[in-house]
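There are 2 protein chains.
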Amino acid sequence: MEKENSFAQRQKKIYNWMAEEGINLLMLEDTETRRDQNIRWLTGHPGDALLFLSIDKIDKKSADEKADNNGKAILVAWDINLAKIYAAQSGAIISSYNDFNRKPSKAIAAVAKKFGIPVGSKIEIPSVTSYPSFLDFVGELTDFDILCRENGAASEMRRLRSIKDAEEIAIIKKAANITNELINSIEENVKSGKIKTEADAALFIETEARRQGCEGTSFDILAAGADRSYAIHAFPTWTHAPFGGQGLSILDFGVKLGGYCTDVTLTFARDLDPKQEKLVNMVEKAAKLAVSMALNGTQAKDIAAAVDSFFSKSKKKMPHGLGHGIGLQEHEYPVIRNSNENEWVLEPGMIFTIEPGLYDPLLGGCRLENDILITDTSSEILTNARIIHL
Amino acid sequence: MEKENSFAQRQKKIYNWMAEEGINLLMLEDTETRRDQNIRWLTGHPGDALLFLSIDKIDKKSADEKADNNGKAILVAWDINLAKIYAAQSGAIISSYNDFNRKPSKAIAAVAKKFGIPVGSKIEIPSVTSYPSFLDFVGELTDFDILCRENGAASEMRRLRSIKDAEEIAIIKKAANITNELINSIEENVKSGKIKTEADAALFIETEARRQGCEGTSFDILAAGADRSYAIHAFPTWTHAPFGGQGLSILDFGVKLGGYCTDVTLTFARDLDPKQEKLVNMVEKAAKLAVSMALNGTQAKDIAAAVDSFFSKSKKKMPHGLGHGIGLQEHEYPVIRNSNENEWVLEPGMIFTIEPGLYDPLLGGCRLENDILITDTSSEILTNARIIHL
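Chains as they are written, first to last, in this note's numbering: chain R, 295 to 684; chain L, 295 to 684.
Worth double-checking, as some hints may not be accurate.
[Said to hold, decoys possible] PhoX-like cross-link-like pairs, simulated, lysine-lysine; straight-line CA separation at most 20 Å:
# : chain 1 : residue 1 : chain 2 : residue 2
1 : R       : Lys397    : L       : Lys611
2 : R       : Lys611    : L       : Lys378
3 : L       : Lys397    : R       : Lys611
4 : L       : Lys611    : R       : Lys378
[Said to hold, decoys possible] For the chain L half of the interface with chain R, some residues (derived, Cβ under 10 Å), not all of them:
#  : residue
5  : Asp342
6  : Trp372
7  : Val422
8  : Glu509
9  : Ala528
10 : Trp532
[What the hints assert, rightly or not] A few chain L residues facing chain R, derived, Cβ under 8 Å:
#  : residue
11 : Asn375
12 : Thr423
13 : Pro530
14 : Pro613
Hint data in this document are derived by calculation from the structure and do not stem from the laboratory. Note that the structure is a prediction, hence the values are computed from the model and not measured. Quick reminder that beta carbons are idealized off the backbone N, C-alpha and C, glycines included.
Sequences and hints are given; from them, build the entire structure.
Okay, here's the thing in structure tokens:
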């Protein structure tokens with residue numbers, strides 16, 4: 295019942311936004327080559343589907359008044375057996391992708407007909423639609439005004455999803471607790487010698503995360519022993535190489551619970567030389583600095599700029615962004631990056647990573663990543679990733 | 295040395311194609327949201343990069359004569375430490391993505407300048423470039439003619455990559471041998487009771503594949519016990535649920551060796567009722583039928599149509615395509631699907647899956663998937679996936 299409400303609430307937000315924008319039909323697509331977790335966010339269905347949202351009438355109101363637009367959703371799923379289970383509470387009509395020859399343009403035409411979308415209406419398609427496909431859509435759907443734009447539905451959903459609702463915060467906190475238990479067990483097992491290789495660490499996480507009820511991990515676990523930690527993202531992601539030996543070893547992982555991701559990075563340090571010690575200290579200080587700045591109202595880019603500036607005093611440069619939102623995707627919004635175009639301002643309900651890191655082909659790499667929730671007056675560090683001295 | 299040759303040979307093919315098409319500069323992009331293994335195919339670098347190819351002069355010749363166009367490659371990598379290792383033999387100049395503010399349009403402008411690309415030249419960008427991004431490129435690169443098209447470089451590389459060269463066939467055969475050893479061990483371990491859960495099966499594969507030198511698995515292992523095998527792709531992909539119990543259990547996996555993927559599916563059958571027996575028999579017969587048709591010169595869609603027709607005689611319908619090419623991606627070309635637009639014709643050197651399957655919410659699912667190499671006069675079944683009766 296609670297689930298039904300949150301899917302319906304989210305759909306309602308989109309219906310009202312559609313009315314505001316004068317859009318009669320909206321298409322979302324999740325495919326192997328381009329994932330879109332908005333479909334899961336709106337219906338619960340985990341993927342390989344099209345989702346169509348259509349509004350019944352257009353009730354435009356000012357932002358202050360409460361618009362009340364209802365609509366209908368059709369989920370066109372590759373696997374309808376799965377869709378019937380996962381989208382059961384979303385109120386969406388479930389249809390098979392095979393009915394439309396697996397072609398979005400065919401599906402859109404059929405749905406527009408079924409919903410009686412008036413000729414000349416605005417239909418929005420995904421902002422990631424390729425230019426050649428866009429031309430096809432426009433060519434096939436000549437009766438409608440086809441929109442494909444950056445500042446459209448995708449951007450609105452990024453904005454909405456950047457602020458987690460109570461249900462989402464609760465599930466991410468639960469995922470964070472599982473993550474924290476894993477971190478503690480991993481520390482124990484590395485220290486006792488039970489985890490001796492990258493594979494030991496990765497397989498431990500894969501097994502235990504699911505034992506705790508997780509769907510799996512948020513992304514391919516990155517376990518890089520001291521010989522491989524110089525890479526931002528080790529390749530291959532894990533091997534049977536030693537882990538936790540002399541120098542710096544990195545372990546970057548997250549768990550996925552009910553679709554929601556955590557993302558943390560631990561660094562294991564053993565018998566460091568003075569240069570490696572310095573690298574580790576700098577990363578730890580950068581993490582503290584960043585976390586202390588992460589407050590309601592702060593510009594995200596200012597935090598990243600402060601860390602860049604701190605590193606540059608020692609002539610170090612971080613080769614990646616400082617952090618990113620987490621949620622149904624392992625990388626979502628806000629973006630915590632030092633660039634002029636980054637206009638994200640922190641708000642209560644945002645959950646994101648802070649992950650300073652430094653990498654050197656000779657010294658190895660060190661990254662420290664935790665997940666932070668912004669609250670009205672402060673912040674909560676949800677995870678307890680740390681530098682572990684062996 | 296051998297590697298250097300094959301990267302150089304592949305680049306040469308693209309340089310000649312560019313000359314034919316009158317394209318001076320070609321950009322490829324591999325990012326988290328849109329993977330493009332063409333970069334690995336051309337340089338060895340496994341990902342998160344832009345690749346620019348530029349021809350020195352334009353030597354157009356007819357297809358019969360041998361054009362001889364040379365060119366330059368710049369690999370703009372997110373992680374240059376990795377790029378220096380993996381792309382070392384490709385001859386590409388290696389540059390950091392951070393030098394261009396991580397923006398493809400900035401990088402393209404800088405590279406065009408560095409290579410002295412004449413004003414008015416044709417520059418091709420990825421066919422998957424979104425319509426809004428395409429407008430940005432065109433707006434920023436006003437001095438050039440920007441091409442973004444389906445029948446361009448991406449399509450040419452799909453065609454080239456659909457036919458594997460000797461080096462690729464050798465590595466895929468090696469990956470297939472590892473896969474076959476895994477299949478045998480899995481059968482043994484399920485029969486002996488060592489593999490009792492989906493997790494046991496998945497973790498066994500993850501561990502053993504890497505022990506045999508693989509980078510990892512080709513995709514998330516799908517291990518679905520009898521309660522979950524009705525889904526085409528079980529969700530979550532594997533859990534701690536029982537595997538190999540009464541009914542039908544599906545195990546779909548592949549290994550990745552030096553970048554190259556295998557992809558097989560086994561079905562485990564225990565104490566079947568007559569309807570389940572029938573399902574299994576039909577899938578086995580469909581696989582045999584399809585494999586027998588897979589020969590040089592055959593239209594791919596005809597094979598898929600034959601299987602669809604075979605199933606429809608028993609009022610069954612397969613909810614997915616019959617097969618797909620494998621290589622650096624787990625899904626590439628040719629496509630073995632029954633649709634009018636599918637114009638792929640089988641040629642020697644093509645390697646693809648044949649994977650008939652039937653799924654029923656009550657009976658469970660059965661899929662049998664093997665990897666086939668087309669030779670001049672016949673075909674070779676590289677893998678030994680099978681229905682395993684327990």
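Against the structure, the hints:
A C-alpha spacing of about 18 Å is found between lysine 397 of chain R and lysine 611 of chain L, which places the hinted pair at or below 20 Å, so the restraint holds. A hinted pair counts as satisfied when its Cα atoms are at most 20 Å apart, and lysine 611 of chain R with lysine 378 of chain L qualifies at roughly 18 Å. A hinted pair counts as satisfied when its Cα atoms are at most 20 Å apart, and lysine 397 of chain L with lysine 611 of chain R qualifies at roughly 18 Å. At roughly 18 Å between alpha-carbon atoms, lysine 611 of chain L and lysine 378 of chain R fall within 20 Å of each other, so this suggested pair holds.
Given hint, aspartate 342 of chain L at the interface with chain R, holds; its Cβ is 7 Å from that chain's nearest Cβ, closer than 10 Å. Because the closest C-beta pair between tryptophan 372 of chain L and chain R is about 7 Å apart, less than 10 Å, the hint holds. The criterion of a C-beta within 10 Å of any C-beta in chain R is met by valine 422 of chain L, whose closest approach is roughly 5 Å, and the hint holds. Interface restraint check for glutamate 509 of chain L: the shortest CB-CB distance to chain R comes to about 4 Å, inside 10 Å, so the restraint holds.
For alanine 528 of chain L, the interface hint holds, since its Cβ comes within 10 Å of a Cβ in chain R; the closest pair sits about 8 Å apart. Against a cut-off of 10 Å between C-beta atoms, the interface hint on tryptophan 532 of chain L holds, since the closest Cβ of chain R lies about 7 Å away. The interface hint given for asparagine 375 of chain L is met, as the beta carbon of that residue sits about 5 Å from the closest beta carbon of chain R, less than 8 Å. A cut of 8 Å between beta carbons decides the hint on threonine 423 of chain L: the least distance to chain R is about 6 Å, and the hint holds.
Look at proline 530 of chain L: its Cβ gets to within about 4 Å of chain R, closer than 8 Å, so that hint holds up. A hinted interface residue such as proline 613 of chain L counts as satisfied when its beta carbon comes closer than 8 Å to some beta carbon of chain R; here the least separation is about 6 Å, so the hint holds.
Comparing the model with each earlier hint shows no violations; every hint is respected.
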